[in-house]
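Chemist: Below, each chain spelled out in residue letters.
Protein chains: 2
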Amino acid sequence: MQATAKRTTKRGAAKKRALVRGEPVVRGILAAALEELASAGYRALRIEDVATRAGVNKTTIYRRWPTKEDLVRAALLSVTDEKVVPPNTGSLRGDLLALGRAIIEIQTSPAGQSLFHVFLAEGPDSELMAIARSLRAVQEAGVRAIVESAIARGELAPGADPMLPCELLGAYLTHQLIADRASVDEAQLARVVDVILLGVLPPGRRAAL
Amino acid sequence: MQATAKRTTKRGAAKKRALVRGEPVVRGILAAALEELASAGYRALRIEDVATRAGVNKTTIYRRWPTKEDLVRAALLSVTDEKVVPPNTGSLRGDLLALGRAIIEIQTSPAGQSLFHVFLAEGPDSELMAIARSLRAVQEAGVRAIVESAIARGELAPGADPMLPCELLGAYLTHQLIADRASVDEAQLARVVDVILLGVLPPGRRAAL
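So the sequences go chain by chain: V and U. In terms of my numbering, the first sequence has 45 at position 45, counting the first letter as 1, and numbering is strictly consecutive. Residues are numbered in my numbering as their position in the second sequence, beginning at 1, plus a constant of 209.
Note that these hints are calculated values from the structure, not bench results. Keep in mind that this is a model prediction, so the values were computed, not measured. All C-beta atoms, glycine included, are put in the ideal place defined by N, C-alpha and C. Take every hint as true, because none was put in to throw you off.
Within a straight-line C-alpha distance of at most 25 Å, the following computed SDA-like cross-link-like pairs (lysine to any residue) qualify: (1) U:Lys277 - V:Leu120; (2) U:Lys277 - V:Ala121; (3) U:Lys277 - V:Asp180; (4) V:Lys68 - U:Ala388; (5) V:Lys68 - V:Ala31; (6) V:Lys68 - U:Leu329.
Computed footprint of chain U on chain V; a stretch qualifies when at least three of its residues, placed anywhere within it, have a C-beta under 8 Å from a C-beta of chain U: (7) 123-134; (8) 161-174; (9) 187-201.
A few chain U residues facing chain V, derived, Cβ under 10 Å: (10) Pro333; (11) Met338; (12) Ala341; (13) Ala369; (14) Leu382; (15) Thr383; (16) Gln397; (17) Val404; (18) Leu410.
Construct the complete structure from the given sequences, taking the supplied hints into account.
Modeler: What follows is the structure, given as structure tokens:
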């Protein structure tokens, strides 16, 4: 009896370790959740189907993400987590270019394209959009790191809206994707970044561009 | 017989006059088409239902707009036609502010809100979006007037992408509406316009801001 209990505890601990973010099981579940979301949409998404797709028991999912909302929130975060890291290239220009490239990479990836369609289909007042909105604070942490470095380097004019450069860039890239069904190329990205940059740099730093 | 023929011709001419754009009958039909589009979507839209809603015979519609696509194209154009006129305020800053206000006014109007939902629901690869895309050249005429005046006044740095200021502004306003479900207020509009403006003005004109 004691030996069995011990083994169970060991297995429990092993399972707990396996469910740390970034571990294969977790990655598999979150990838399966994104695929289910893309094919079924948010309303019709069922934890059972995610479990089947990921090849795990549904209790494995419920243990970590008690609700569908929790699971979808984690899945959405996983898309941007790896890519929108604070680039920290040493200049606001470099960081904005890196951010722009990361956004374009996500937008043009198969997962990004599927999600884009799901979001458009569910509409701005959907539960899915509410979840995405609640994630903005988390996702903006990377952007905030760019902004804070820029302020520390004296690259933002005092009194400016510090989030505006990144917001303008993100808005432009998304708009081009919706309006033209085309992603922005590197040359146009640089043009847009330079216009935004010139608009936010303090007067003394503009000549450097 | 002759008298009857004359009367018919007179009626035909009167009808033709009535169907000049901006005339009450045309306005009524286009408004009805927008309402039908908002409630039924593009795929399910029927000319018969538009005719019923507008209180006209469906041949009155077919005579001027032979296909559903023609009618929807005209209806979409009518939304922006009256509002996105070249403001011509005498400065690029004034024109961008006027353009921004016009976009916000359309976005927050009942017709604009309904259309926004229809566009999102139909998705970026829909026929409706293709029609909207085909209209951009027409709608950009107003924007082009702003750009040309700015170039003539020496307000755009040489070598700049001339459409970029207006595109950035439009993208930002649309993105805020989608992401925050809120329109941009006058103070934020001015902040955004000034960042964009500073980014596109030639070096010698920046001090004037």
